[in-house]
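All chains, full assembly: derive it from the sequences and hints.
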Amino acid sequence: MRFLNQTEQTGGYWLTRVGLDDATPLPFGFQLNINGNTLALFRQQGSEAQFLSTSAIDIESNGTIQSNIDTPTWQIFQECLATEPTQDPTLLLASDINIANLLHFAQTATPDNKFIALLEATESFPFTVKPAKFLFEDFPPEAIGACPLLEDWKIPNRLCSENGLPGCFDGKIDTALSEWQTTISWQERWQIIDFRTLNESITNS
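The end of the sequence shown is residue 205 by this note's numbering, with every number in the run present.
Simulated from the structure, these hints should not be mistaken for lab results.
Note that CB positions come from ideal geometry on N, CA and C, so glycine has one too.
Any given hint could turn out to be false.
[Stated by the list, open to error] Cβ-Cβ distance ranges computed for the label pairs, FRET-style:
id : residue 1 : residue 2 : range
1  : THR24     : SER185    : 39 to 49 Å
2  : THR183    : ILE59     : 25 to 35 Å
3  : THR7      : GLU123    : 15 to 25 Å
4  : SER55     : GLU162    : 35 to 45 Å
5  : THR183    : ILE65     : 39 to 49 Å
6  : GLU8      : ASP152    : 14 to 24 Å
7  : TRP190    : SER47     : 18 to 28 Å
In structure tokens form, the structure reads like this:
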């Protein structure tokens, strides 16, 4: 693995391009930890991958690099992915840095699945919020913003923030879900994949 370059993104995030040893697909939910900075897999094309982080990293550093593979948190997340799919949409949840992991999963798995997504930002999103194009029946009406990439992939999505970000539900994902679950649109049979579980610190397994 070698670090190629990094560029600053919307919302104060950073995108780091990495050269891999081979083109073996990295697993869903893959993250690196470099000297205390978490990098979440956003995209892979062959032997190159892009990772999102909340701060710039020293790509010349020879510091410790850890991955979250085989940590208890990652194993729990893999159990969620292994759940038998239903004919109903799968609800994807993510906040902050692991929005990148959700986007990687959604882009890769979209052709064979029907997804909807809820994203949450503590401070800002790693993309420019745009007006939603897809209906989200019975969801709190103030949530009119969406992630453009997910919409490009035909995935309805809505945004949540406790900081009053424009176009967002004013509160956490869990609060929005509690309100939504009281409506007739909520389907209890939906499979839920929660990328927020990946927010826990990466430690040696």
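For this session: Could you say whether the range 15 to 25 Å given as a hint is met by the Cβ separation of THR7 and GLU123?
Result: Given about 19 Å between the Cβ atoms, the range holds.
Exercise. Taking 39 to 49 Å as the hint, is the beta-carbon distance of THR24 and SER185 inside that range?
Worked result: holds (40 Å)
Exercise. Between THR183 and ILE65, does the C-beta distance stay in 39 to 49 Å?
Worked result: Taking Cβ atoms as reference, THR183 and ILE65 lie about 45 Å apart, which means the hint holds.
Problem set entry | Beta-carbon spacing of TRP190 to SER47 - inside the hinted bounds 18 to 28 Å or not | For SER47 against TRP190, whose Cβ atoms are near 36 Å apart, the range 18 to 28 Å is violated.
For this session: Given the hint of 25 to 35 Å, check if THR183 and ILE59 actually sit that far apart at their C-beta atoms.
Result: violated (47 Å)
Problem set entry | Pairwise beta carbon distance, SER55 to GLU162, judged against the given window 35 to 45 Å | violated (21 Å)
For this session: For the range 14 to 24 Å, tell me whether the beta carbons of GLU8 and ASP152 fit it or not.
Result: 22 Å Cβ-Cβ, so the 14 to 24 Å window holds.
Checked against the numbered hints given earlier, the structure breaks hints 2, 4 and 7 and satisfies all the rest.
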